[in-house]
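Full structure from sequences and hints, please.
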Amino acid sequence: MHAFVLSFRSEFYKTRKTLTFLSAILLPLILCGFLFTGFYLYSDKLTPYSPLEQWARYMGAILGVMGALILPMLVIFQTYSINSIEHRSDMWKSVFSLPIPKWSIYSSKFVYAVFLDALCLSLFATCILLSAWLMNLLLPELKFNQFDIVGLLFKIHLKLFLASLGIVSIQFILSLLWADFLKPMGIGFVLTVAGVICSNMGWKYAYTIPYSHPSLAMISIFSAKKSSDMQSLYFELMTREIYVSLGVAVVAFIAGYFIISKRSVK
Amino acid sequence: MDQPLEIETRQLSYWFGTQKVLDNVSLQVPKGCIYGFLGPNGAGKTTAIKILLNLLYSSSENVFVFGEELNHSRISILSRIGSLVEQPAIYPHLSGRENLINRCILLQTDRKRVNELLRLVDLDTQADKKAGNYSLGMKQRLGIALALLPDPQLLILDEPTNGLDPNGIMEIRQLLQKLSREEGKTVFVSSHLLAEVEKMATHVGIINHGKLLFQGSIAELQRANNSLISLQVNDTVSAANLLLRNGYQVDVEVDSICLPYSSHEEMGSINSLLISKGYTVYSLSQTRKNLEQLFMNITQN
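Note that the protein sequences, when read in sequence, are chains P and V.
With my numbering applied, the first sequence corresponds to residues 1 to 266, in that order.
With my numbering applied, the second sequence corresponds to residues 1001 to 1301, in that order.
Since the hints were derived computationally from the structure, they do not count as laboratory data.
The beta carbon of each residue, even a glycine, is placed where N, CA and C say it ideally should be.
If a hint is listed, it holds; no wrong ones were tucked in.
Quick list of the computed label-pair ranges, beta carbon to beta carbon:
hint	chain 1	residue 1	chain 2	residue 2	range
1	V	S1230	P	L182	51 to 57 Å
2	V	K1112	P	K266	33 to 39 Å
3	P	L182	V	R1181	49 to 55 Å
4	V	G1247	P	K266	53 to 59 Å
5	P	Y40	V	N1115	48 to 54 Å
6	V	R1288	P	L182	46 to 52 Å
7	V	S1076	P	L26	40 to 46 Å
8	V	N1167	P	Y257	45 to 51 Å
Which chain P residues stay away from chain V? Per the calculated CB distances, all over 12 Å, these:
hint	residue
9	F144
10	K183
11	F189
12	N200
This is the structure we're talking about:
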């Protein structure tokens, strides 16, 4: 466990000034900046709605794109760049000749990819919340402050996080196996598009495709039930695609370890 | 070799697919020595080094380091080894100092050692520059600093002087000799340059086409690698005939004559003989066989 912690710290140290880490922080800031600017300039389109609907429109503007495209592509990029740091300078031979168990090198990289995913999504939730509150301060006619969205907002992002774990684990293996940019990115992109088509077409087995999970999660969030008094919104957190995503993540994580533990560094 | 062995391989063979790249190699590296692992490019040096570092997996359990079998004691063995394999592996987006600090994090080494090592490899003034912008020689020196960071008992260096200028080569040679002499470290260093190995090693192993052709002390190597006299005169063929008639063993090359070296006095006699018979001697020098000639000599013997 100690070796795992050291390897994890090293992962952070190596990537802290690179886009691998910075993308997890900058992307929510930049996109929520756009969201804020857009709704600030056209706030009159929000004012007629109830507080819950105002939140739904504000969040929906970014969550729709996130489930279908931003989240899968971000995950693909982050897993690729975590492993490409080692591929780029032929570092695997150096890393594996250190007195550190292979499992801790492997698992710390995987957990770091999961950590970046979690960091990015929690920052998205935080930035959406803060930007909406700020807008309410600047434009008191909005009613964001009349509905407590915090729990719901973090539940939505938790569901998206869980839905993305299957993609994280598959992309992690692909970027571990291939040093070049095009293979893991290309395969990931094609599978993401295929996954989105399958989920949007309503194919009944779409839940078996990890790349469909974020958009399936978004579909279930968007079809959440409103309470009769319009004061709450409910959706299931642990749906079928989330269980499959977690299962794929566990299986791919174990498979990846066996691949790396038996692999020679040529 | 009756000293305790730091590295021992017992008839180690290794295949890349169907190609046998190591053929029954039995390395014996005594503790505290500088072992020069000599061979041309593609001879199997890097493959052997990668097996010693468990980067290439040998299932046959015939690799012993510090007396322990490598597959069973990987972590324990690697914790006492510092290594540099092929070109130095460094993170180009980090500075030289950050590369060392990152290694300190992984190995839990005191960060004070970073400055010591930067000074030792003469990178202290360039320490905060991105390592990707370093010259090959600077990268090599940083690679050596990374290998030395954990203060290892055994240093395994694959062609560590690649890319260094003559001054840098001399400094690395002196550093390795000092580490062996003063700190009792064992240094296993590969090279394809015979002269370089001869200058620093106490023991030598020579490998070619995956086979260990020679292994022994530097004195034993020097006995196998007899010196030659190289001679250039105005009429090569006629001068060679004269030397033959006078009982010398000669070997005529394109524009020079080679004879086995025995003493400086004999070189003087040859010079006098040629001049007395009216030849003009352009050059007369003592030379060593190159690596190819040495291989031929070893295999013929």
